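> Generate the whole structure from the sequences, applying the supplied hints.
Number of protein chains: 2
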Amino acid sequence: MHGLIESMRLELSNSILDEMADAAELSVKGRRLAFSTDSYVVKPLFFPGGDIGKLAVSGTVNDISMKGARPLFISLGIIIEEGLGFDILKKVARSVKKASRRSGVKVVTGDIKVVERGAADKLYINTSGIGIIEYRGRVGSRAKAGDSIIVNGSLAEHGMAILNARENFGFISGIKSDCRNLNFEVDKALRASGKISVMRDLTRGGLATALAEIARSSNLGIEIEERAVPVKPAVRRMCDILGFDPLYVANEGKFVVFVGKKDARKVKKALGRNARIIGKVVTCHKKEVRLITPLGSSRILPDLEYDQLPRIC
Amino acid sequence: MHGLIESMRLELSNSILDEMADAAELSVKGRRLAFSTDSYVVKPLFFPGGDIGKLAVSGTVNDISMKGARPLFISLGIIIEEGLGFDILKKVARSVKKASRRSGVKVVTGDIKVVERGAADKLYINTSGIGIIEYRGRVGSRAKAGDSIIVNGSLAEHGMAILNARENFGFISGIKSDCRNLNFEVDKALRASGKISVMRDLTRGGLATALAEIARSSNLGIEIEERAVPVKPAVRRMCDILGFDPLYVANEGKFVVFVGKKDARKVKKALGRNARIIGKVVTCHKKEVRLITPLGSSRILPDLEYDQLPRIC
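The listed protein sequences derive, respectively, from chains H and C.
Just so you know, we're using our numbering here: the first sequence kicks off at 76 and counts up by one.
Just so you know, we're using our numbering here: the second sequence kicks off at 76 and counts up by one.
I should point out that these hints are in silico values taken from the structure, not numbers from a laboratory.
The structure presented is a predicted model; accordingly, all values stated were derived computationally and were not measured.
One or more of the hints may lead you astray.
Pairs involving identical chains hold if they fit within one copy or between any two copies, as the list cannot separate such chains.
Derived BS3-like pairs (lysine-lysine); straight-line CA-CA distance at most 30 angstroms [claimed, not checked]:
1) Lys104 - Lys173
2) Lys197 - Lys166
3) Lys197 - Lys118
4) Lys362 - Lys341
Here it is as structure tokens:
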């Protein structure tokens, strides 16, 4: 099935999109816009730290932010299974409202479709977003040799929170999703450095997958210090017990910034006390990400070949 | 259930959107844009005259066109049920491509989510679209007293084609959905008249529902000549047999134009040989739509209180 999904993506990408990008850059009569879409099918609808409504707003806000654009407007397409409780829809609507207010975007157009019982799993949401790229060239799409790599906080919380909520593991508690809008953090990073090589949010596939993509598209090597990568103890424990690598687990409020060494400390400071410089871009072992262990040995972090967890967003 | 859906819509509308509009008008640094979203859950996926891919592109193109905007960009969010045949996705992707090329829009961003078997009915699509409003004030949002009302062709074909395909009625054949992009027809209408009072595509709820909405929001009366409303014989027969009123059945390639009497013939001509002037706007029986029968009597066309057919788009 995993191979099939990949070929579907590829087919769509080849036949319709030049590049199945998280957000597209458009030019409309001299104004540069970012445009992005995502469907949210997360299960369960409500989880510690968020719900499908919060996720649907902040996920799309974040995709736009990663382009260096300021998110302005959101659309909301909802598919509901007949029989869904009105209280659930109300709760989700309130959450969409709160998340959009918090991130400073306006929900301007919407649509609800109802399908019969059994034709959807409770409720799905699509959001599309429009942002404006105010300063051209502040955020590039490729890493540069010598760049420092900064992450804005600890990893793997969203994926583990969803799994915990879905499977009702009794033995672990206190893990909350990091689901939140990143646009203001991105703003801070941009104000700290006029020139960011590339940014990426660490959703599906986590840190390792994002880095592997960047290494490949930039034709450069990446080195990460294992000891510098922040993971909270409870999250690490849950990953250990269940056999997940936190570097591959999805986040919904984390991103990496690639920036020239001279601006790295400024950007790290701008991103707050949880931010860490975790590695650098090198000219050797091109297209490869290497994790340097505390003992000084290194291992390659390959691309994630399949989704570790279905329906995490 | 119908009442519940309505209160859901209202709840969302109140809590998030000022007005659950088909398309929103936005201003981005002095550029006026139209932005619209719709989810498509049509059943079956393929039907005479179209499929979910064509529908998803042209439906959103049409919502934008009704604002007097030129559609430019489309996003594509697909939710797939695990196990869906690759050939089906391929066919839909090809159809999206063809429809977007035909309507002159570019699919610029996309997303696929796969849910487990039984968590969706084969395939759902959300499209959002961005258009540019090049000339302000060419299309208003209210009817004016004395306006002529023009429809661009015969009614009720989409709804009846879907029902026919879904239920496999053997006794009726040759009914094809009118599903198509309207942006170039809208362009022609706009070139024929510099000032259109209001336009509306005749989707869910058909002609009668669109007119009832316009009468109400314009605080004016509407009179329609029953004999002038075009419906093809096979479609009328199917409606008669199954007890549907063609005035309330959904279309996917039809719209009404409200325009001052002096421009009416020009607009009708611009819309081609299937267009008809079907009625006028009056200052009496405000907020009411009346159908004038061939005998000269009249009956009120009320708002459609519930969807006649589920999953027609």
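> Which holds for Lys362 with Lys341 at a C-alpha limit of 30 angstroms: within a copy, between copies, both or neither?
within (27 angstroms within a copy, 62 angstroms between copies)
> Given a CA cutoff of 30 angstroms, do Lys197 and Lys118 count as a within-copy pair, a between-copy pair, both, or neither?
both (9 angstroms within a copy, 18 angstroms between copies)
> Within a copy, between copies, both or neither: which one fits Lys197 and Lys166 at a CA-CA cutoff of 30 angstroms?
both (13 angstroms within a copy, 28 angstroms between copies)
> Could you place Lys104 and Lys173 in one of the four classes (within, between, both, neither) given a Cα distance threshold of 30 angstroms?
Between copies only: 25 angstroms across, 33 angstroms inside.
Comparing the model with each earlier hint shows no violations; every hint is respected.
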